[in-house]
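Residue numbers (the numbering used here), protein chains in the order written: chain A, 23 to 530; chain B, 223 to 339; chain C, 5 to 508.
In case anyone wonders, no lab produced these hints; they're calculated from the structure. Take the hints with a grain of salt, since some may be wrong.
What the hints assert, rightly or not - Computed Cβ-Cβ distance ranges for the label pairs, DEER-style:
1. C:Thr-42 with A:Ile-489: 31 to 39 Å
2. B:Tyr-292 with A:Trp-87: 16 to 24 Å
3. B:Asp-338 with C:Pro-33: 46 to 54 Å
4. C:Trp-290 with A:Ser-68: 52 to 60 Å
5. A:Tyr-47 with C:Ala-163: 53 to 61 Å
6. A:Ile-443 with C:Ala-59: 43 to 51 Å
7. B:Leu-277 with A:Ala-232: 22 to 30 Å
Unchecked claim - With the Cβ distance kept under 10 Å, some of the chain B side facing chain A (calculated, not the full set):
8. Thr-227
9. Ser-266
10. Met-274
11. Val-307
12. Asp-338
Bear in mind the structure is a predicted one, so any value in this text is a computation, not a measurement. Where is the CB? At the ideal position from N, CA and C, for every residue including glycine.
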Amino acid sequence: MIKEHLPVLQVIIPLIAAPVCMLAYRPKLAWLIATAVSWTAFIIASILLITVRETGTLSYALGGWAAPWGIEYRVDTISAFVLLIVAGISAVTILFARKSVEREIEPDRIYLFYTAWVLCLTGLLGIAITGDVFNLFVFLEISSLSTYALIAFGSDRRALIAAYRYLVMGTIGATFIVIGIGFLYAMTGTLNMLDLAERLPSVSNTRTIAVAFAFMTVGISLKVALFPLHAWLPNAYTYAPSAVSALLAGTASKVGVYILLRFLFTVFGGGFAFDTMVLNGILLVLALLAILSGPLIAVFQTNLKRMLAYSSVAQIGYTVLGVSLASITGLTASIVHLFNHALIKTVLFMALGAVFYRIGSVSITEINGLGRRMPWTMAAFVAGGLSLIGVPMTAGFISKWYLISASLEKGLWPVVVVIIIASLLAVVYVWRVVEAAYFQPAAEKSSTGVTDTVIKGREEAPLGMLIPIWALVAANIYFGLDASLTTGVARQAAETLLGGLSLTVWGG
Amino acid sequence: MLTTTLGLFNYWIVIVLMMLGLYAVIASRNLIKKIIGLNIFQTSVFIFYISMAKLEGGTAPILAEGIPHYANPLPHVLILTAIVVSVATTALGLALILRIREAYDSVEEDEIQRLDE
Amino acid sequence: MNLFSLSLLLPLILPLAGAVLIALTGGYPNLREAMTLTTASALFLVVVFIYPEIAAGGRPEMLLVETIPGMPLALSVEPLGMLFALVASFLWIVTSLYAIGYMRAHHEENQTRFYVCFAIAIASVMGIAFAANMFTLFVFYEVLTLSTYPLVTHAGTEAAKRAGRVYLGLLLGTSFAFQLVAILWTWTLAGTLDFEPGGILRDHVSQGIISHGAIGVLFALYIFGIGKAALMPFHRWLPAAMVAPTPVSALLHAVAVVKAGVFTVLKVSVYLFGTDLLTETGISQWIMYMAAATILIGSLVAITRDNLKARLAYSTVSQLSYIVLGAMLANAAGIIGAGMHIVMHAFGKITLFFCAGAFMVAAHKTEVSQLRGIGRTMPVTTLAFLIGALCVIGLPPFGGMWSKWYLALGAVEAGQLVFVGVLMVSTLLNIAYLLPIPIQGFFAAPSEAGTGNQSGKDGNDGGWRANIKEAPAFCVAALSITALGCFGLFLFPEPIYRLIAQIV
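Using the sequences and the accompanying hints, generate a full structural model.
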């Protein structure tokens with residue numbers, strides 16, 4: 023009974039919880055609510071993914087209004103997978119957030135923080151589940167607005183500037199998407215994705231649709247932070263509170279790529295996007311530039327969060343690279359990498375959050391000898407770093423494996439070379455941290471003047487941080503050893519995107 | 223030629239407003255002016271949606287005798303949502319500017335940049 | 005999966021479990037070292053337990069996990085792997101003994117990390133030895149690189165870190181840039197990465213799916229991608245790794261890691277490409293020239309090195325290419341020679357390194373020129389050094405003679421007389437850089453009194469016994485065992501021969 027309403031519950035529960043969170047006021051209570059919501063969302067997403075894999079695509083008519091007129095929630099394999107990523111990362115990071123937030127945000131604003139968190143979760147889940155393009159825009163704005171607020175919670179005043187810049191860029195991007203949607207609506211008279219997909223081919227040779235396509239692609243690329251539209255990302259990730267960096271790195275960019283996939287393959291159709299508009303060539307070049315430029319900048323960063331942010335620019339490049347190859351293997355690579363990179367970056371940002379919790383800095387000059395003082399945290403960072411490099415037995419390796427084999431399939435040897443070079447650069451920037459943490463003698467006293475942490479002997483992060491961090495480390499290793507689940511889902515999703523639809527109507 | 227130029231005048235207005243807004247966002251170094259530019263930019267999109275749905279001689283969509291044409295109400299509804307979003311964005315933007323001013327004592331981008339160096 | 009197959013897991017699990025136990029008992033050095041020794045002995049017993057099955061022609065298999073459909077992490081034991089596992093696990097026991105004496109006498113820091121990483125490295129060596137396909141092998145290959153990195157940078161000094169960067173950069177770099185690409189290419193071509201007798205790429209060549217030129221490129225990607233084989237120009241990591249504590253240099257950088265490299269070369273040649281394919285396409289010829297060049301250049305460089313460990317490292321570079329050369333000869337005698345050389349060189353070289361470490365601990369001498377007259381204070385060690393040197397050179401009555409014999413035989417049978425010449429010249433060079441050390445140690449007068457042997461000067465009253473100042477007993481015991489091993493292998497090379505003969 024309740025099962026058939028799961029698609030809507032996935033979004034409604036966090037949406038309702040947001041004001042409740044705000045009314046709760048007490049930090050701990052707000053955190054409890056946010057945690058409960060995240061975990062509920064995670065459970066729902068898991069059930070949805072299992073159901074979709076068994077019975078095929080689910081369709082839910084919101085308010086009982088049937089599909090082309092009413093808003094449809096549509097869960098196919100890729101939606102369910104992205105829902106799982108978003109809800110899963112949120113569920114893990116929220117556990118981490120409690121301690122981290124206590125340290126980084128004033129107590130009387132913590133309830134607002136969790137309210138924004140839950141709203142952000144609502145928006146991200148909504149984007150992944152909706153089958154209506156305008157609804158997608160609305161959810162996009164819900165998630166974006168709450169993200170701006172979350173970033174502004176950062177303790178450094180530069181967080182405010184970063185949030186403001188992101189707000190301006192993000193709003194321009196979202197508005198571009200609305201313009202595109204307007205053109206599409208003007209030409210087809212529908213907002214439902216499937217309906218659009220059916221009607222677009224008859225008008226696809228008009229200039230209006232071409233313009234719509236262009237606006238949407240640029241708008242989405244801004245949201246995804248695809249090179250060269252990534253300028254907002256490094257500052258936003260650097261100055262946001264640690265928990266927010268972890269959440270965003272694991273979810274926001276993933277959902278951005280999901281939007282790209284949705285529009286390119288479901289709405290416009292791979293044929294139109296790649297054959298008529300030859301977007302794949304452009305995406306390929308941009309992706310390669312991102313893959314190379316990210317680590318090249320990352321190796322020179324002293325702020326480790328910024329270093330990871332630039333690495334994220336490159337990782338987004340990897341994901342888009344798979345898309346631009348426009349083959350089953352390529353798309354599988356992209357989708358697998360969405361998942362794997364979420365695991366990787368969240369671990370890394372959480373580990374840095376734990377470091378910040380103890381020593382009040384994430385500068386490479388401050389972490390000397392940290393391998394001894396925070397052995398578990400730094401070991402987790404190293405594990406995440408290895409996965410980022412793509413060492414075998416970690417999730418990152420599976421991504422690289424699929425990406426390279428997709429490139430080889432197309433005979434794109436230069437792409438293979440670029441991936442290899444970028445991976446080796448990743449070794450360089452990860453190893454700077456390893457050397458500093460393990461093979462530099464510890465500094466006597468932190469130079470940042472943090473007085474409340476006496477650095478003497480072992481100073482491990484609290485268990486409340488270590489457990490979520492190590493849960494994800496375990497996931498990184500597990501999905502590196504047995505990737506049949508992730509690659510299976512990803513392949514199914516890729517096949518759905520590239521054609522072949524089956525539908526089970528639910529709800530309404 | 224003339225008919226397309228004049229007949230699509232609503233789109234011309236949209237384009238002019240849009241460029242104006244974007245220019246203000248990009249060229250202005252004052253944070254508040256940027257937000258105003260953003261507002262103009264978004265408003266142009268509102269007009270684009272609303273004018274797109276307007277049908278000459280069309281009325282409100284009422285199912286009744288003697289009403290052969292009616293304007294599509296959906297874009298209006300959509301834009302109501304978009305306006306809400308835009309107001310929220312503006313509010314958040316201004317709130318951020320307030321806090322920036324508290325932290326930096328300035329709303330000029332150049333000055334803020336200098337203070338952070 | 006029967007019970008026996010399950011026992012294939014033990015060689016992996018035992019060292020890992022050992023690593024955990026070592027980490028847990030880190031606070032109690034005696035207990036910790038007892039753990040190491042127990043684990044090492046247990047591992048050796050398990051490997052010996054598997055041996056009869058393999059010698060009888062059995063090929064037990066074990067699936068660990070299906071990572072990607074069609075690409076499992078799986079174990080399977082065949083003669084080459086068996087041989088490698090036997091050598092590595094036996095020498096681990098001896099090295100653990102040695103390490104106890106060495107690490108304590110040398111007052112090293114972070115000993116727990118040292119023993120933990122060592123155990124993990126051994127686990128990955130077992131994984132490499134028993135890998136059923138190229139993917140599994142690659143996985144453990146990388147784990148081995150990463151687990152030995154902390155051992156190389158153990159000292160934490162600037163020099164150690166620089167060496168660590170070279171080590172990691174070359175090994176990870178070549179494996180990612182060449183080996184991984186080669187593996188993916190193979191995967192795209194053949195759709196499998198399983199090791200199969202006769203190779204998996206044969207049909208693709210005969211059907212013209214891949215040209216002779218391309219298969220040559222693929223093979224070269226493998227050979228240069230296996231940086232651990234230290235084929236020039238990717239050999240720099242091995243001398244760099246010598247900053248590590250001596251037990252590491254001895255077991256890992258004379259036996260486990262480098263042999264993992266040449267072992268991988270052998271596996272790729274025999275089980276992925278197949279010896280026939282290599283001869284048919286003529287690509288092996290090029291690799292042979294590379295190997296011959298490495299043999300000669302490595303030996304020549306070794307002569308110029310005064311630092312003992314550096315000299316031994318370059319000697320290793322040179323000796324590894326014997327094995328590559330044997331593999332490329334691609335005939336029965338060549339492969340047998342290559343396989344045997346894995347064992348013989350292991351025993352010879354580890355003895356030499358043990359001695360080098362002993363000189364360092366007992367007399368604080370690291371340079372060859374300081375070792376004149378060392379035989380008077382450290383006779384046992386110097387004698388062991390002599391035995392190790394003779395074994396590496398390949399003179400009877402020591403094991404090294406057999407492998408050189410078969411290598412030369414293989415070259416003759418293949419009609420590659422030029423490589424017989426290379427082997428001869430190299431043997432002369434070996435004599436030139438190894439033998440003077442023990443000879444001067446015994447017969448030359450000490451050039452100057454070192455810091456560690458004042459007893460040599462003022463000990464006239466106590467007779468020659470008072471001059472004796474050997475390394476800790478654990479070290480002497482270890483190096484005596486391996487020196488005896490060199491002799492034993494000369495008398496009983498039969499089991500090794502029979503094992504390898506199965507695959508040719």
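Right, here's what the structure says about each hint:
Checked against the given bound of 31 to 39 Å, the beta carbons of Thr-42 of chain C and Ile-489 of chain A, roughly 32 Å apart, stay inside it. Distance hint for Tyr-292 of chain B and Trp-87 of chain A: a CB-CB separation of about 20 Å, consistent with the stated range 16 to 24 Å. One distance hint, 46 to 54 Å for the beta-carbon pair Asp-338 of chain B and Pro-33 of chain C, holds here, with the actual separation near 52 Å. A beta carbon spacing of about 55 Å between Trp-290 of chain C and Ser-68 of chain A agrees with the range 52 to 60 Å that was offered as a hint.
Checked against the hint of 53 to 61 Å, the C-beta distance between Tyr-47 of chain A and Ala-163 of chain C comes to roughly 58 Å, which is consistent with it. The hinted window of 43 to 51 Å between Ile-443 of chain A and Ala-59 of chain C holds, with their beta carbons roughly 46 Å apart. A beta carbon spacing of about 25 Å between Leu-277 of chain B and Ala-232 of chain A agrees with the range 22 to 30 Å that was offered as a hint. Given hint, Thr-227 of chain B at the interface with chain A, is violated; its Cβ is 16 Å from that chain's nearest Cβ, farther than 10 Å.
The interface hint given for Ser-266 of chain B holds, since its Cβ lies 9 Å from the closest Cβ of chain A, which is under the 10 Å cut-off. With a least beta-carbon distance of about 5 Å to chain A, the hint placing Met-274 of chain B at the interface is held under the 10 Å criterion. Hint status for Val-307 of chain B relative to chain A: holds, with the closest Cβ pair at about 5 Å, below 10 Å. Proximity of Asp-338 of chain B to chain A holds as hinted, the smallest CB-CB distance being about 6 Å (cut-off 10 Å).
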